[in-house]
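Visitor: Take 0 as the starting number for the sequence shown in numbering that gives the first Met the number 0 and just add one per residue.
None of these hints come from the bench; they were simulated from the model.
Warning: the hint list may mix true and false statements.
Claimed, not checked - In silico DSSO-like pairs for lysine-lysine, Cα to Cα no more than 27 Å straight-line: (1) Lys57 to Lys90; (2) Lys19 to Lys100; (3) Lys57 to Lys3; (4) Lys31 to Lys3; (5) Lys31 to Lys5; (6) Lys31 to Lys57; (7) Lys3 to Lys19; (8) Lys85 to Lys57; (9) Lys90 to Lys19; (10) Lys90 to Lys100; (11) Lys31 to Lys100; (12) Lys31 to Lys19; (13) Lys19 to Lys85; (14) Lys5 to Lys57; (15) Lys100 to Lys85; (16) Lys91 to Lys57.
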Amino acid sequence: MVRKTKQRQAILTVIQNAAKPLSAREIYNMVKVQHPSIALTTIYRNLDLLTEQQVVSKLRVRDNEYSYILNAKEHRHYLVCLSCHKTVSVKKCPFDVFAAKVAADTGYEIVAHDFQLYGYCRNCR
0 MVRKTKQRQA ILTVIQNAAK PLSAREIYNM VKVQHPSIAL TTIYRNLDLL
50 TEQQVVSKLR VRDNEYSYIL NAKEHRHYLV CLSCHKTVSV KKCPFDVFAA
100 KVAADTGYEI VAHDFQLYGY CRNCR
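All chains, please: the whole structure from these sequences, using the hints.
Guide: Structure below.
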């Protein structure tokens, strides 16, 4: 269970109200309005904790650059543009049948998976 601090709650509120996944710097810039003394390292530490506790999900948008979203009740998959970094949710899971087959073939109990497709959006092609 993650302890609710004022800073952590501000981070979660920003992520929850966002229309798209946000980078740590975007979250920092929004949280800094209410908490001017907050440091970017504090944002990263809290995002790491919230990711570890599965409160938020971390999406890789390119090498060593991530965006963060609030975990949904159902899992989601994303398309990420390599040029503008626009991130779009894929509504239907393409892996349910595949995961069931892998579980049957290997004896594993599949509890989660993470999937992102990378390419170029219509505006960047």
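Visitor: For each hint, tell me whether it holds in the structure or not.
Guide: Hint check results:
no., hint, in the structure
1, Lys57 to Lys90, "holds, 18 Å"
2, Lys19 to Lys100, "violated, 32 Å"
3, Lys57 to Lys3, "holds, 20 Å"
4, Lys31 to Lys3, "holds, 18 Å"
5, Lys31 to Lys5, "holds, 12 Å"
6, Lys31 to Lys57, "holds, 21 Å"
7, Lys3 to Lys19, "holds, 23 Å"
8, Lys85 to Lys57, "holds, 15 Å"
9, Lys90 to Lys19, "holds, 15 Å"
10, Lys90 to Lys100, "holds, 21 Å"
11, Lys31 to Lys100, "violated, 47 Å"
12, Lys31 to Lys19, "holds, 19 Å"
13, Lys19 to Lys85, "holds, 8 Å"
14, Lys5 to Lys57, "holds, 21 Å"
15, Lys100 to Lys85, "violated, 32 Å"
16, Lys91 to Lys57, "holds, 19 Å"
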